[in-house]
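Using the sequences and the accompanying hints, generate a full structural model.
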Amino acid sequence: GKLGLKYDILGPDQIQKSFPQFSLRSDEVAIYQEDASAVRATASIGAVWREIRKLAASQNSNSQVQCITGDAIQSIEGICEDLQSLIVQLQSGVRVRCGAVVLAMGAYTMPFLPKIGLDIPLIGTEEFCAYFQPKNSSVDHSIESMPVFIPHFEHNIEVELAGSSHFSGLDWGFYGLPQVEIGGVKIAAHHTGLTFSDPELRPSVAKPRETAKRKEEILASLRHLISHLFPHLDTKPTHALHCLYTSSIDHNFIIDVHPNDSRLTIATGFSGHGFKFGPALGDLVASVALEGKSTADKASTSLFSLARFQNNTVAGGKST
92 GKLGLKYDIL GPDQIQKSFP QFSLRSDEVA IYQEDASAVR ATASIGAVWR EIRKLAASQN
152 SNSQVQCITG DAIQSIEGIC EDLQSLIVQL QSGVRVRCGA VVLAMGAYTM PFLPKIGLDI
212 PLIGTEEFCA YFQPKNSSVD HSIESMPVFI PHFEHNIEVE LAGSSHFSGL DWGFYGLPQV
272 EIGGVKIAAH HTGLTFSDPE LRPSVAKPRE TAKRKEEILA SLRHLISHLF PHLDTKPTHA
332 LHCLYTSSID HNFIIDVHPN DSRLTIATGF SGHGFKFGPA LGDLVASVAL EGKSTADKAS
392 TSLFSLARFQ NNTVAGGKST
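Heads up, the sequence shown is in this note's numbering, so the first residue is 92 and it goes up one at a time.
No lab work stands behind these hints: they were computed from the structure. Note that the structure is predicted; figures quoted are calculated from it, not measured.
The calculated lysine-lysine pairs, modelled on BS3-like cross-linking and capped at a C-alpha distance of 25 angstroms, are:
(1) LYS306 <-> LYS327
(2) LYS389 <-> LYS367
(3) LYS226 <-> LYS306
(4) LYS367 <-> LYS97
(5) LYS304 <-> LYS277
(6) LYS367 <-> LYS93
(7) LYS108 <-> LYS97
(8) LYS226 <-> LYS108
(9) LYS327 <-> LYS226
(10) LYS304 <-> LYS327
(11) LYS108 <-> LYS277
(12) LYS226 <-> LYS277
(13) LYS384 <-> LYS206
(14) LYS277 <-> LYS367
(15) LYS327 <-> LYS277
(16) LYS93 <-> LYS389
(17) LYS306 <-> LYS277
(18) LYS367 <-> LYS145
Here are the computed distance ranges between Cβ atoms for each label pair:
(19) ASP210 <-> ALA377: 24 to 34 angstroms
(20) LEU94 <-> GLN150: 31 to 41 angstroms
(21) SER391 <-> LYS367: 12 to 22 angstroms
Glycine included, each C-beta is placed from N, C-alpha and C at the ideal position.
Here's what the structure looks like:
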């Protein structure tokens, strides 16, 4: 391809020979990229924390950030006596004085933004994924034998944002992983969860009936996909999980300094596909935080800047 990536186009017979976990119809093909794989999430996060501890970094866990205060960022709740530093106030009462802060709060970014004078168009969705066991051991569905997969079939689930300009309103089809850390093949219908703006009031908490209905719609769509594509999987899931997406309107990441204080870096809007880019994103976020320069300043990173949101209001009545 034009990006220099090597791939093979496999027909039904080739798929059956190389990857018997799948079954294609006569008019279907698969695009296979040998370099693709899966990240072991639990092991990866554990490795990151081990490296952080080697740097003698202090850790304050299980305590929410109440506010961040500085000379150009006045949090609603915060009072700061040292305006030369940013002060992070934790719910536990601990105050951390910082030369630079990275705000990477996932879905909790949304209710926190007004406290730092920002209005960024983010949407939260409570997504649902399920794990399906092989019917027997005749075909290996582990990561050693089965590739990750993105079936380009419509899930036909009517999502709340359908018809809007938000990318989450599109039919993104499905994605899945072979057996990696959790028993069963993971399959999900991408961007089909109910929306929310505060994770404490996520749909499973605030709208349990609607959530149960959406779960059944998703499961029905997954069963249909399995019947079509995965002949060796049971259509009844062994277990299911909820996860939270925090999506930008264009599904591009948001990584930038606060317009009024370059010591505060915002990292959010990873739109359900950020984890796999972890190492590259870590390098970019660290660079922005240490240099204090907006991603809008470089053509290679302007895609992630706050400047693309024309109505992004900031403290003091300014806008970017």
